[in-house]
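In the numbering used here, the protein residues as written are 47 to 433.
Please note that the accuracy of each hint is not assured.
[Claimed, not checked] What follows is a list of derived Cβ distance ranges for each label pair:
#1 190 with 417: 30 to 38 Å
#2 316 with 166: 49 to 57 Å
#3 421 with 313: 27 to 35 Å
#4 85 with 347: 18 to 26 Å
#5 175 with 130: 18 to 26 Å
#6 313 with 146: 31 to 39 Å
Rather than coming from a laboratory, the hints here were simulated on the basis of the structure.
Each residue gets a CB set at the ideal place from its N, CA and C atoms; glycine is no exception.
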Amino acid sequence: MPAPAIQSPPARELVARFGSPLYVYDAGQVRAAYRAFAGAFPYAPLDLHYAIVCNKNRYLVAALAAEGAGIHANTPGDAFAALEAGVPADRIVYSGTNLSADDFAFLLPRGIAMNLDSLDQLRDLGGRAPVGLRLLIDEPEAANRIGVTQAELPEALALATITRLHMYAGTNTLSPARFLACLDRLIAASDLLPDLEAIDLGGGFGVPYREGLPPLDLAALGHEVAERMEALSARRGRRIGLVVEPGRTLVAQAGTLYMTVVSVKERGGRRFVGVDSTVGNIVVPSVYHPYHRIEALEPRGGALDVPTDICGNTTHSRDFLGRDLRLPALQPGDLLAMHDVGAYGYAMSSHFLNRPRPAEVVLDGGNAILTTRREGFADLLSTWEAP
Numbered sequence: 047m048p049a050p051a052i053q054s055p056p057a058r059e060l061v062a063r064f065g066s067p068l069y070v071y072d073a074g075q076v077r078a079a080y081r082a083f084a085g086a087f088p089y090a091p092l093d094l095h096y097a098i099v100c101n102k103n104r105y106l107v108a109a110l111a112a113e114g115a116g117i118h119a120n121t122p123g124d125a126f127a128a129l130e131a132g133v134p135a136d137r138i139v140y141s142g143t144n145l146s147a148d149d150f151a152f153l154l155p156r157g158i159a160m161n162l163d164s165l166d167q168l169r170d171l172g173g174r175a176p177v178g179l180r181l182l183i184d185e186p187e188a189a190n191r192i193g194v195t196q197a198e199l200p201e202a203l204a205l206a207t208i209t210r211l212h213m214y215a216g217t218n219t220l221s222p223a224r225f226l227a228c229l230d231r232l233i234a235a236s237d238l239l240p241d242l243e244a245i246d247l248g249g250g251f252g253v254p255y256r257e258g259l260p261p262l263d264l265a266a267l268g269h270e271v272a273e274r275m276e277a278l279s280a281r282r283g284r285r286i287g288l289v290v291e292p293g294r295t296l297v298a299q300a301g302t303l304y305m306t307v308v309s310v311k312e313r314g315g316r317r318f319v320g321v322d323s324t325v326g327n328i329v330v331p332s333v334y335h336p337y338h339r340i341e342a343l344e345p346r347g348g349a350l351d352v353p354t355d356i357c358g359n360t361t362h363s364r365d366f367l368g369r370d371l372r373l374p375a376l377q378p379g380d381l382l383a384m385h386d387v388g389a390y391g392y393a394m395s396s397h398f399l400n401r402p403r404p405a406e407v408v409l410d411g412g413n414a415i416l417t418t419r420r421e422g423f424a425d426l427l428s429t430w431e432a433p
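Assemble the whole structure, with the sequences as input and the hints as a guide.
Set out below in structure tokens:
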């Protein structure tokens, strides 16, 4: 008989142990998402670099690195977090914009590869290392600030040895056609690069936050990308590497924010459910995502036919974690789960409204591992200097 499945601690037990609100991630789900993503691209050499900007949780970064993932960094802080999580510098690629002299001074001595996105930045680099280039894959009049235009490529090649072309198709993209249209432009531009070693498809692979929304068809996308890369390699007479930068698609659906109900008000045909979390702990419509699914973990019957707003624990007029939801009867002490918060959840939490941030816990093999402690009031003032 197969071994019984390892059961993770229930939400109530986790909250009792680590407090509420609480971020919880499933490491097994992250590993499975990585393997599924890698399997969707039938091409070699293939190099996946996790976009750490989504979630820099040290345990998850180390788990992905153990699976073979490198790191895609958007800032020197991203790169620093990856290094501190044990990722070797040669497994980090930095795709930044508007780097200062201090940024170059941090990245270059550590041997971190870079994709730059302007002629000025190539001049700042001064030929000190081969470099990748972020290409503008939209028409120049599209007002997309990311990348060098194809018309600027000859001047770029005069300034640096360019070995990679990188693209940015957008964030949370669910359309394979968008990626493929951008990739076609990138490959066409790559004909100008005599030293081309790799094509970087970038990131932005989306997840469906709303129920019923179809997911990105990764298998179809991966097949089309592989066909194009095979054709490119055949024209070059050598294998050209493919770099892909999955982020939220690996971690978003593995994360949950547990919250405790502290009050319930009903008036004017509407229900206002107050919780012990706030918009400072999570991205919300005014910041990033339009929607996160919220579930009552100990429901008393079915959903009530009354519009319900989930309200944060401040008087900020936009402190809503969910609007117009349909949830069952609720009372103080009940637990709610906000789903799909593994990407840009804790990463975009802040000290706005002066509520300390929650703890982060990773579930792995039946164990609950505290990876980020709960903040206290002193953390809100930790950078203060005495006058």
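Status of the hints after comparison with the structure:
no.	hint	in the structure
1	190 with 417: 30 to 38 Å	36 Å, holds
2	316 with 166: 49 to 57 Å	53 Å, holds
3	421 with 313: 27 to 35 Å	34 Å, holds
4	85 with 347: 18 to 26 Å	42 Å, violated
5	175 with 130: 18 to 26 Å	23 Å, holds
6	313 with 146: 31 to 39 Å	53 Å, violated
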